[in-house]
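Protein chains in written order, with the numbering used here: chain B, 1 to 118; chain R, 1 to 130.
Because the hints were derived from the structure by calculation, they are not lab data.
Misleading hints may appear alongside valid ones.
[Claimed, not checked] Label-pair distances were calculated between CB atoms; the ranges are:
id, chain 1, residue 1, chain 2, residue 2, range
1, R, TYR71, B, ALA54, 42 to 48 Å
2, R, ALA26, B, GLY50, 46 to 52 Å
3, R, ALA93, B, ALA103, 47 to 53 Å
4, R, ALA30, B, ARG49, 45 to 51 Å
5, B, GLY72, R, LEU28, 35 to 41 Å
6, R, GLN97, B, ARG49, 36 to 42 Å
7, R, ALA93, B, PRO53, 45 to 51 Å
8, R, SER94, B, GLN110, 44 to 50 Å
9, R, ASP56, B, LEU90, 54 to 60 Å
10, R, ALA30, B, GLU32, 29 to 35 Å
11, R, GLY31, B, HIS92, 29 to 35 Å
12, B, GLU52, R, ALA100, 34 to 40 Å
13, B, GLU81, R, PRO99, 34 to 40 Å
[Said to hold, decoys possible] From chain B, some residues computed to sit far from chain R (all C-beta separations above 10 Å):
id, residue
14, GLU52
15, GLU80
16, HIS92
[As the list claims (entries may be wrong)] Taking lysine to any residue pairs in the SDA-like style, the calculated list, with each CA pair at most 20 Å apart, reads:
id, chain 1, residue 1, chain 2, residue 2
17, R, LYS69, R, SER48
18, B, LYS2, B, GLU32
19, B, LYS2, R, GLY113
20, R, LYS84, B, HIS57
21, R, LYS84, R, LYS69
22, B, LYS59, B, ALA11
23, B, LYS2, R, VAL126
24, R, LYS84, B, PHE13
25, R, LYS69, R, ASP90
26, B, LYS2, R, ASN121
27, R, LYS84, B, ALA58
28, B, LYS59, B, GLY14
29, B, LYS2, R, LEU120
30, R, LYS84, B, GLY14
The structure presented is a predicted model; accordingly, all values stated were derived computationally and were not measured.
Just so it is clear, CB atoms sit at the ideal spot from N, CA and C, and this is done for glycine as well.
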Amino acid sequence: MKTLTFLSRHAPFGTSNAKACLDMVLASAVFEQQVNYIFMDEGVWQLVRGHEPAGIHAKNTMAALQALELYGVENIFALEESLTERNLSLAHLQIPVRLCTRAEMSSLIQTSDVVTAL
Amino acid sequence: MIISVMVTGSPVSQQSAQTALSFCQAALTAGHQIYRVFFYEDAVQLGSALNVAPQDERNLNAAWSEFVKQYELDAVICVASALKRGILDDGEASRYQKPAANLAEGFDISGLGQWVDACLNSDRVVSFGA
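Only chain B is shown next, with the shape it has when bound in the complex (with noise of 0.2 Å):
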């Protein structure tokens, strides 16, 4: 088993990028690896309950991370210091999260075998 970590740092609409990394971290836990999902930057945008992209044309895909528990990837992040730019906090989001900061995410890509950013 290796350790691997997903960086999400696009908002969840506008360009795929939200849904490649959901992918990647979807087949990772189909194939039983120890996931970190890490979103930052615009990425907190992503967990923010109440989406309704219906009226862009564009499919729900964030639906989709009430289903990581189920896929069993348990190591979910927010970097704090990205919700706090946007003024969000944990009572905004869809799904629950670790808080970290700058330092700990530095120590999570540093014990992992794999980083992707997307």
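Given the coordinates of chain B, work out where chain R should sit on it, guided by the hints.
Quick look at chain R alone, frame taken from chain B:
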């Protein structure tokens, strides 16, 4: 060292696919082994045999295709990314009743599991284009 490479950037609007090719060539020259190259998102456009480059510009698709054939590399195009962008092998073209297939020589179409497998079997996985 055993290395796998993931490419995500568009070959026509970003530099990353050329950077990835240069990296792979340098890695082989330095005596490393490439376990797999995985093309994801816009980088799957590299798998098209139908692109036309202007005469005074490099045809990166042709360069990648030649490279993976020359070294017999495992070059995998992500199926979910490919179908959306119209990159089809014979099997997919027939399955979805499309008028033609366009996958260039040297590439295979497969799933994200191939990327996870590459992570498990490589000492390093290097990404280009994110």
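Hints and how they fare:
At roughly 47 Å, the beta carbons of TYR71/R and ALA54/B sit within the given window of 42 to 48 Å. For ALA26/R and GLY50/B, the Cβ-Cβ distance of about 48 Å falls inside the hinted range of 46 to 52 Å, so the restraint holds. For ALA93/R and ALA103/B, the hinted distance range of 47 to 53 Å is satisfied, since their beta carbons lie about 51 Å from each other. Against the hinted window of 45 to 51 Å, the Cβ-Cβ separation of ALA30/R and ARG49/B comes to about 49 Å, which satisfies the hint.
Under the hint 35 to 41 Å, the C-beta atoms of GLY72/B and LEU28/R, about 37 Å apart, fit the expected range. Checked against the hint of 36 to 42 Å, the C-beta distance between GLN97/R and ARG49/B comes to roughly 40 Å, which is consistent with it. For the hinted restraint 45 to 51 Å between ALA93/R and PRO53/B, the CB-CB distance of approximately 31 Å leaves it violated. At about 47 Å, the beta-carbon gap between SER94/R and GLN110/B stays in the expected band of 44 to 50 Å.
For ASP56/R and LEU90/B, the hinted distance range of 54 to 60 Å is satisfied, since their beta carbons lie about 55 Å from each other. Take ALA30/R and GLU32/B: their Cβ atoms lie about 33 Å apart, and the range 29 to 35 Å holds. Between GLY31/R and HIS92/B the beta carbons are some 51 Å apart, a value that contradicts the proposed interval 29 to 35 Å. Checked against the given bound of 34 to 40 Å, the beta carbons of GLU52/B and ALA100/R, roughly 39 Å apart, stay inside it.
The supplied range of 34 to 40 Å is broken by GLU81/B and PRO99/R, whose beta-carbon atoms lie about 51 Å from each other. The Cβ of GLU52/B sits about 23 Å from the closest Cβ of chain R, beyond the 10 Å cut-off, so the non-interface label holds. In this structure GLU80/B is separated from chain R by more than 10 Å, as the shortest Cβ-Cβ distance comes to about 23 Å. The non-interface label for HIS92/B is consistent with chain R: the shortest C-beta to C-beta separation is roughly 26 Å, beyond 10 Å.
Between LYS69/R and SER48/R the alpha-carbon distance is near 15 Å, which keeps this suggested pair within the 20 Å criterion. Simply put, LYS2/B and GLU32/B have alpha-carbon atoms about 9 Å apart, close enough for the 20 Å limit, and the pair holds. Distance check on the hinted pair: LYS2/B and GLY113/R sit about 14 Å apart at the alpha-carbon level, within 20 Å; holds. Distance check on the hinted pair: LYS84/R and HIS57/B sit about 16 Å apart at the alpha-carbon level, within 20 Å; holds.
With a CA separation close to 25 Å, the supplied pair LYS84/R and LYS69/R exceeds the 20 Å bound. Distance hint between LYS59/B and ALA11/B is fulfilled; the C-alpha atoms sit about 14 Å from each other, no more than 20 Å. Distance restraint check for LYS2/B and VAL126/R: the Cα-Cα separation of roughly 15 Å lies within the 20 Å cut-off, and the hinted pair is therefore satisfied. Between the alpha carbons of LYS84/R and PHE13/B the distance comes to roughly 17 Å, so the proposed pair stays at or under 20 Å and holds.
In summary, the hint linking LYS69/R to ASP90/R is supported, as the alpha carbons are separated by about 19 Å, within the 20 Å threshold. Between LYS2/B and ASN121/R the CA atoms are separated by roughly 10 Å; this keeps the pair inside 20 Å, and the hint holds. Under the criterion of a C-alpha separation no larger than 20 Å, the hint pairing LYS84/R with ALA58/B is consistent with the structure, at around 15 Å. Distance hint between LYS59/B and GLY14/B is fulfilled; the C-alpha atoms sit about 12 Å from each other, no more than 20 Å.
Restraint check: the Cα-Cα separation between LYS2/B and LEU120/R comes to about 7 Å, which is no more than 20 Å; the hinted pair holds. This hinted pair checks out: LYS84/R and GLY14/B have alpha carbons roughly 16 Å apart, not beyond 20 Å.
The structure fails to meet hints 7, 11, 13, 21 from the earlier list, while all remaining hints are met.
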